[in-house]
Structures are given as C-alpha cells and as structure tokens.
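K.L.:
This is what each chain is made of:
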Amino acid sequence: MSAPPLLEVDHLVMNYVTEKGDVSAVEDVSFTLHQGEALGLVGESGCGKTSIAMSLLRLQAENAVFKSGEIRLNGENLLALPEDEMRRHRWKDIAMVFQGAMNAWNPVYRVGDQIREALDLHFRPRLSDAEATERISRLFEMVGLNPAMANRYPHEFSGGMRQRAVIAMALSCDPSIIIADEPTTALDVIVQDQILQELKKIQRELGMAIIYISHDIAVIAEVTDTIGIMYAGKLVELGPTVEVFARPKHPYAYLLLSSTPSVTGPRRKLAPLEGEPPNLLNPPTGCRFHPRCPFATERCSIEEPPMETIADGHRVACWNWREVPVSIAQEARP
Amino acid sequence: MTEKIDARPGADEPTDLPPPIISPDSVPDSMWRIRWALFRRSFAHNWKLFRANRVGLVGLAIIGFFALLAIAPTVLFATGIWNSAVYDPVVGLEPNPPVKVMTVVNEITDPETQIDFRHVLLDNRIPNNIQVGEQVEIPQQPAPPDRRHWLGTDPLGRDVLSQLMHGARAAFFLGILAAVVTVIIATTVGSISAYFGGALDSFFMRLADLLIMIPFLAILIVIGAIFEFKLWHLAVVIGLLSGFGGVAIVLKSQALAVKVKPFVDAARVAGGSNAHIIFTHIVPNVMPLSFLYMMFTVTSAIQGEAALSFLGLLNVRISWGLMIQLANTQGYLLQGLRYWWLLFPAGLAVTLISAAFFLVGRAMDEVVNPRLRKR
Amino acid sequence: MTRYVVRRLAQMVLLFVVFLTVTWFLLYALPGDIVKQKFAMNPNIPPEARQVAIERLGLDKPVLIQFRDYMINFFQLDFGLSFNQYPRKVSDIIAERLPRTIVLFLTALVSYYYAGFLAGKYLAWRRGKRGEMAVTIGGVGLYTVFYPWFALMAIWLFAAELGWLPISKFLNPDEWRNAPFTANQVFIRLFVTVLAVSIFMALVVLLANRIRDHRPRALAKVGGVALGALLFVWYWWGTAGGALMRPYAGDIAEHLILPVAVLTAVNFAGIMLLTRSSMLETMREDFILTARAKGLSERAVRDKHAARTALLPVTTSLVLAVATVIDGGILTETVFSWPGMGEVLVTSVSNEDIPLALASFSFIGVMALVGHFLVDILYGVLDPRIRVGG
Ligand SMILES: Nc1ncnc2c1ncn2[C@@H]1O[C@H](COP(=O)(O)OP(=O)(O)OP(=O)(O)O)[C@@H](O)[C@H]1O
Ligand code: SF4
Ligand SMILES: [Mg+2]
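Residue numbers (our numbering), protein chains in the order written: chain A, 1 to 334; chain B, 1 to 375; chain C, 1 to 390.
Calculated from the structure, these hints are not laboratory results. Treat the hints with care, as some may be off.
[As the list claims (entries may be wrong)] Covered by chain C, according to a simulated footprint, are these stretches of chain A (three or more residues, beta-carbon under 8 Å): (1) 83-90; (2) 119-130.
[Said to hold, decoys possible] Using 30 Å as the maximum straight-line C-alpha spacing, the simulated BS3-like pairs for lysine-lysine come out as follows: (3) K259/B with K48/B; (4) K48/B with K20/A; (5) K92/A with K304/C.
Glycine included, C-beta positions come from ideal geometry on N, C-alpha and C.
Could you put together the complete structure from these sequences and hints?
P.N.:
The following block contains the structure:
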C-alpha cells in the first residue's frame, strides 16, 4: 500500500449543536482509504457512523459543526472547499447508498430519469439521449435488473429492486468511492446477502473503493478488507478484517465479537454488553467505554487512551489491550 | 378519495401517547383507574409539548380574553353597573346621545354627516318642514366612544361594547355546540366504519365524500331559507355537516390505525363485545385527534354563522355577523375609518377568535402529530 | 390513466344524482310541504306564475312521480320560470350567470393556487430566518379573516378612498348606454381570449421544460409567454372587432379586478401555509438527501424535488378548497353586487324564488363536482402512483 491514499480522514471532530448542548458525534476519528479497498465501519446504533458518512459528502445536518480535522480526497481538503466546488465532487467522486435507501427515490419521477439527472450533472460533454439510455441499461444489467425497468416509477419496484437500482445510480458516474450506509438493513436476509455479494463483485470488477457501514459486524465481515470499530463517536479499533476478527484487541470489539453468534462454528456463550450506550451530550471522561468495560482500570476514567499501532495496519485505542484474551481466535471467523 | 383527504402524513400514525394497556374485560374498575392515570400522565406530557409552542399559547390567551368578554355582561347587569334599558344589545338605547347643532343652509348642511342627516330626517325626529337658515339639533348616532360607551354606539343608539360581549357569548355557544356535535358524530362514525368496514363503511365514506364536496355556505343558505334558523339549529346543522363529512374521514383513518393494534385483538380474544371494544379501546385512542378537529370546527362554525348573519339569513338576537351587516347595509363601512368603532370591533372579533382557535388547533396538531414538530 | 379518469367520472355522475335527489327531497318532499306553503303564503308570486308552477312541478301528483319528472326536466335543462323575474326562464338566467361565476372561480383558484404555492415554497426554504414569523402570522390572519369584512375593507380602501377601482357591480351602466354589444357577448369574448392565451402559455412552458439545457429552456419559456401576451394585445388592439369591443371589455375587466384579488388573497394564505408545512416535511425525506448527494444545487433540489413532491398534498387540499372557493365566491358576489351564481342564490333564496334557488343551488353543486373532478384528474397527472396502475 505504497500508493498515496484516495481518502484520508484526519483527526475529524464533529459536534451537533442542540438546545441541550453539544452532541459529540464524531470524536477524533482518523482512517485512510486506498483505491480498491473495502473498509467496514461497525458500531452500535447512535455511535456516529452515519455522521461520518455524511461528513465525507459534506451533507451533515444543519446543526453540525466541524471542530477540527480534515477530510482529504486525493490530497484536497474537502472541508475547506466552497459549496459549489464540493458539489462537483459529490456523486462523481464519492457516491452514496443511504441508510434506508428504500426511500431514496423521489416517487414522482421515473427511476431512469433520476439516474439521468446525475449523469447530466457530471458528464461533460453531456451524454446524448442514446448514450444515457445505453449507460443506464448497462448499469441495470450490472446490478441484476431488467433494463426496461428504467422507465418505471419507484412504486413499481419491490424493496430489493429499489435497492439494486440505488446501487446502479451510485455507480452511474464511475465514482472512486462508494459509501454504503446500512445498505441492506430493510431487506430480508436472502436478498440482503445477494445484494452484498453483488456489490462486492462489482466493486472488485470496477476497482473502486467502498466504505460499508453497519451495526451488524457479521453482515460486512465477508465483504471488507479492513474494519473499523466505533464506540460513542470514536474509532476504537482499526485493522485488517481477518486480524480484528481473529484477535480483537479492544475490549469493546472483543465483547462485540464474542456476542456475535458464529455462523459456522459451535454456539458460543453470548456475553452481552452491560449498561446503556453513553449519552453523547455528555460522554464519559477518559476512555468513553470505561463505564461498561470489564477491563477498566483507574486510569481509564481519567485519561483518554491514544490510538496505538500494535501491528502493521492494526491500531487500537485502549490502555489495557494486552489484557484482552485471545480466546475467541479461530471460531470467530465467519 | 378517502385516502387522499388524509394525505397529510402522520394523521394515521399512532400518537405518541403512552401505549394503552392490554386488559381483560373482567376488571373494568381498575381499567378505568389506569386509564385515568394514563390520561393524566399524557395530559401533563402533552401540555408540556403544547406549551413549547408560543403561537398556541397566544391562541389560548385570545380565547381566554373573549371568554371573559362573554361572561362580563352577566356581571355588569347583575351589579347594576349597566342598566339594561341603555345597555341591552338589542333594545337598549342611549337616551342622551351627543348632539350636533347645525344650521340648515341647503338640503344637506354638512357633507361630513350626510348619512346622519338623511337618516334623522327619515326618522321623523326632526320636522320635515324645516327651513333654510333654521338651526337643528342632530343627535349623533352612531356616536363615537365616550366614557359611558367605550366603543361608541351603533346607528340605532345601542352600545357597541355590549353587543360585542353578547356576540362573544353567541360565538362560544355556537362554536362549542357545533364542535361537540361534530366530534361525537365523527368519532362514532369513524370508529364504527373502521371497526366494521364493509357496506357500513362505504356508506359513511361516500356520504362524507358528498358532504365535503358541496360548498358549506351554499347548503347553509338553502337550509336557512327553508327553516327558521335559530342559533342552536345552525350549530347542530354545522355539527352534522362536518361530523358526517371531512372530520369523519380523518377520524376513520386514525381509528383504522388503532384497530390493527395488538390490544384490540387482545380485547377481542378476551371476548369483548363489539360495542365494548369500540368504546373502550378505539374511541379513547381517536380522542386526541378529535379534540384537534374540535378546534377547527369552532373556527368554521363561527365563520359560517357570521356569514349567514351577514347575509341576513339567520334569526339571531345579536351576533358579530349581524353587527357587521347593520353597519354595512347602512353604509357606514364604506366611510372607512371615520366610523372605526363600527368597522373594527365585530370584524376583528370574528377574525381574532377564528385565528385563535385555528392556532390552538395547529399547536395541538404538533402535539398529536410528532412528525410536524421541529427537530 | 384512462381507467382512473373513467372511474372518477362515473363516481361524479353518481354523486351528482345523489346530490340532486337529496336536494329535491329536502326542498319538496320534506314533511310540512314547504314548497306548497311558500306558494300559498308568498304574496310576491304572481297568481298565474303560481298556477303554472304548481302544475309544472306537479305538486298534486304522488311524490315519486314528481321526483321522476323533476329529474327528467333537470337533465333537459328545464327548470321552469323564475317567480321574481317572471316570466323569465330560469335556464336563461343561469346561462347568463354561470360563465361569470366560472370565470371568477377559475381565475381565483388558479391565481391563488399558484401564488400560494410559490410563497409557501420560499417560506419553507427560508425557515428560521427573519421575516418568516411575520409572514406566517400574516398568513394565519388572512386565512381566518372574516371574509365579507375583509372584502368591505378592500372596497373602502381601493375603491372609496383611493378611487383606483370601481366600487361594485359588473359594469358601469353609464358607459354601456349605447353599446352595440350585450354584456355577455363581451364577457365571453374576453374570457375566451384570456383562456386561449393562458393555455398557449402553459403549453409552451410545459414543452420548454423538456429542454435539458438551462439557457435555451429559460429563453423558450420567456419567449413563449411574451408571444402569448403579444397575441392577446394584437387581438384587442390590432383587430377591428377587438378594438371596437375593447372599451367595454376594459370596463368589465376593471370591475373584475377587486373581487378576484380579494378572493385570491384570502385563499392564498391557506395554500401558502400548507405548502410550507408540506415542503418542510418533504425536505426531511431521504430522496432529498439523495438529490443533494448527487450534487444538485440547492435551487434544483428545492424546485425539482422538494417542491414537486410537496405539490401532491397541496393539490389534495384543493379538493376541499373547491368548496371553500365557491363559498368565498358566493360572499364575494354578494359583497360586490357582482351578478353571478352566488348572488343569484342569495337573492333568490331571500326572495323565496324557489325554482331559481333550486336551480342555482344545483348548478353550484355541479360546479363543485366538476371542480372536484378536475382536481382529481390533476392529482392523477401529478402523482404517478395514482396514474400508473391506479
Ligand atoms: N442533527 C442532529 N442533531 C443532534 N444530534 C444528532 C443529529 N444527528 C445525529 N445526532 C446524534 O448523533 C449521534 C450519532 O448519530 P448517527 O446517526 O451518526 O449514528 P449511527 O451510528 O449512524 O446510528 P444508526 O446505526 O442508528 O444509524 C447519535 O447519538 C444521534 O442521536
Ligand atoms: S481504555 Fe480502559 S476502559 Fe477503555 S477500553 Fe481500554 S480498558 Fe476499557
Ligand atoms: Mg446511521
């Protein structure tokens, strides 16, 4: 991985300003993404995954404030761009499959026309009608849809078909990065799996980078190269998927993985997380995980653990990562 | 069409009241106690939400103000501060109106008081054989506000403030009666339609479709022509029209959303009779929305009354609409600000109280329908 | 779409028959025999008219026969003779008045719908900024203002005080003393030309929307609208027939301005408030986020996605608004002494001119139903979920 990274998120801090105070939704998050890489972001609901995804496109909520940090796309800091230049990067460089993408379609326009809208915006010179139709047909075929469906309205699609069409739209401008935020949560398990597999195949074929976001680690384990575990707005562990699965170093990751039933191996005893997820209006001091952490020591509640590189490309933010057992080793492989 | 009326998203969403409790029908007593506790809790909760909306509070304040106005005459007459010979809104008369002395130069002396002069001549209070050069004393009616009549007097010498107060009374009586009738009918029709479905449902819904399509005022005008309309007749008619009309449609879709809730099934499995399920499970859950539509009904009832009085089609002692009609037919309104005490009180009163109920309704809408709330 | 239209049409016809039935029974068949009583007691009715009417209405025949005759007559557009304007045919009076009310109704409906939608759109987009509160309060005030009072104040201000516009009535009789045309001829000509020009402009704009590039699109729209206006000017100023009629048409148009403006202003507020909340809800939808993520400009997101979709609930509300506007029209016509259907209804009801009252009420019903039908069709056109496979 010597090539310069495609995307660098560098010590990003984002808060939501509310009447009750600031919600610390993204706290000092750093990661990089290379061409063709598949990165997974995992964490329980409300830990800030969507906030990161939205920040990458600068589509954060109105009350969001970037405190510090940079998001660099090919070395260019997106947070410093004026709005109209940022607009040019959207979809062309970074496309997104939204959480709950079932409603991603405007009900009053044909699906094909909505894709065409993106093409018209980003292709110069503009594609002719024939070229556009041809391109949309190809995209539809790629995601396993009948090209004739492009002339239909969203309500004529089933949920799975709509999701495939969303993927087709995300691919339409040949982006170098696709963000898939819970791309399949609303679908039934079989369709979910099909779509993920297809997405993975397409990604490999086209060689684009992809960021998968999910609260369910098992869902994305198969399709990612690298995985980042988030807790309460912080990235607490980042490493090669295989490595993190086999030997999670952060206590939270450890508990998370040991509470995930293994698909192949024998059933393990589940060790559910105790306590409530923290309130990001007023996050715990020191390590944000300390109130729920079985490995916590006194230091944890006072000092914030820094991100520490423990192996090549494997980083952990924990004072006591050495204490975490390696017991779940092999069976945790999905 | 039924669905479209309700296209406002969220109207068929469950409200965010605490969930009703599943209970076997054998213990109605404690059931009601629980319900009461829940009601109190949800009331406190909703009041907090409502209070957050300043506009709704303004609406409530205006309603309170008019309620005071409506009560005031009783107190004023009882304490003798007001003498009914002078202050009665209909037959009262100011015996000593301000007098303007003018010299007759020609037929009409003072272009400013043209209307008064003609009016007075018609009234035969001044000899018709009056000569040029003579002086006449013209009683000023309508008279501008003074210490005795804070809002002046109308063309017939009656106290405008007293009329305004009695008008408020009529408006409350009418609005509230119409709203209650509407809500009772609409809740029943909506719940029954939703619960039983089938032919009953289609009948009520077609009826509602018809009623919302026909211009309200046109119906009232025609009905008003056939029957001698008293105020309470009007209230009942308005209640019927909106109760079987649009409100029934909205409440039905809410009832449909309630019907599919597990506690309704539970009650059915527990052997509850249809009537029991409708009145103890469905109706209470449709209630919050009914209250909301009560507010909107009050608005349209008051406006309907004022319009009918204005057209002279209502047999009512005194009302705001009638006050405007009188001032208008006698030509004072086109005189504009000169007779401001005839121009503003009644017209503003109708407008303000309609706006107040409307604002309260909107604020309640935000409480009942969380989707509308600010983020 | 065809299936949808046909189904709606059938529903409308059915509803209309029900409506007529209910009206008839209300007026004729209710216990107490109101009609007969009114005939017997009403001194305004000329005796021969009474006789004719009693025979015509067959008041001595059995109820069902009466009803059948009434329905047959109705669909033959035969409503008998007016009592008050005896022996004028009711159908003649209606034929004279109906177009006027339709014009009042259409102009008010179209202009308030359009203006209210535009205003609501900008209001929603400016949410939380200065001025929003004031506009909202003003909107609620207009929405709930007591309509006749508001109209009278407008008359006082613009007609009596400032003298910009005529106070009331349909035309100024002084100017028409030696007119070579009847008022209705001029009025219809005016109506037809305005309608033709508007349809032309609407078509041009619709077609222009197909152009993908921004500049030619804007150019085509502006050009089309200008051309339409030019055609209108050419007809009324350039052609002999138009020029001859123009002063009279101008007089009628002058009398039309204030009623339409007042009716529009009041109803406008409701649409504005509704559009605003509909926009605010739409803007929270996921597809708005998608549109932004695609790189659309804020303006395109607002106009192409948020507003277009927010139009649906607003159009739904038109279903109710049809009745409201007709009600407003009745009051407008009365306040302005503007002789349309509403004014006929009120005066005939006050004078107990039963045939005229019944016919005008029925036609107001017809107008409401037709308006309703058109709104339904419009909704179908706007919402593919209804149109396609609906
Ligand atoms: N506009 C906002 N204003 C205030 N707080 C917000 C806002 N948006 C999100 N939050 C809060 O920020 C935190 C992170 O939200 P985010 O949507 O990024 O979580 P997530 O990890 O995507 O969760 P999920 O898995 O449920 O989608 C949450 O606690 C949420 O309540
Ligand atoms: S730093 Fe302490 S509290 Fe935080 S995860 Fe590590 S051990 Fe647990
Ligand atoms: Mg999320």
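K.L.:
Verify the coverage statement for the region 119-130 of chain A against chain C, using a C-beta to C-beta distance below 8 Å and requiring 3 or more qualifying residues.
P.N.:
holds (count 4)
K.L.:
Straight-line Cα separation of K92/A and K304/C no greater than 30 Å?
P.N.:
holds (20 Å)
K.L.:
CA of K48/B to CA of K20/A, is that 30 Å or under?
P.N.:
Holds, because 16 Å separates the two Cα atoms, which is no more than 30 Å.
K.L.:
Mind checking the alpha carbons of K259/B and K48/B for me, to see if they're no more than 30 Å apart?
P.N.:
With a Cα-Cα distance of about 28 Å, the restraint between K259/B and K48/B holds, given a limit of 30 Å.
K.L.:
Cut-off 8 Å, C-beta pairs, minimum 3 residues; does the coverage of the region 83-90 of chain A by chain C stand?
P.N.:
Holds: 5 residues of the region 83-90 of chain A have a Cβ under 8 Å from chain C.
Of the numbered hints stated above, none is contradicted by the structure.
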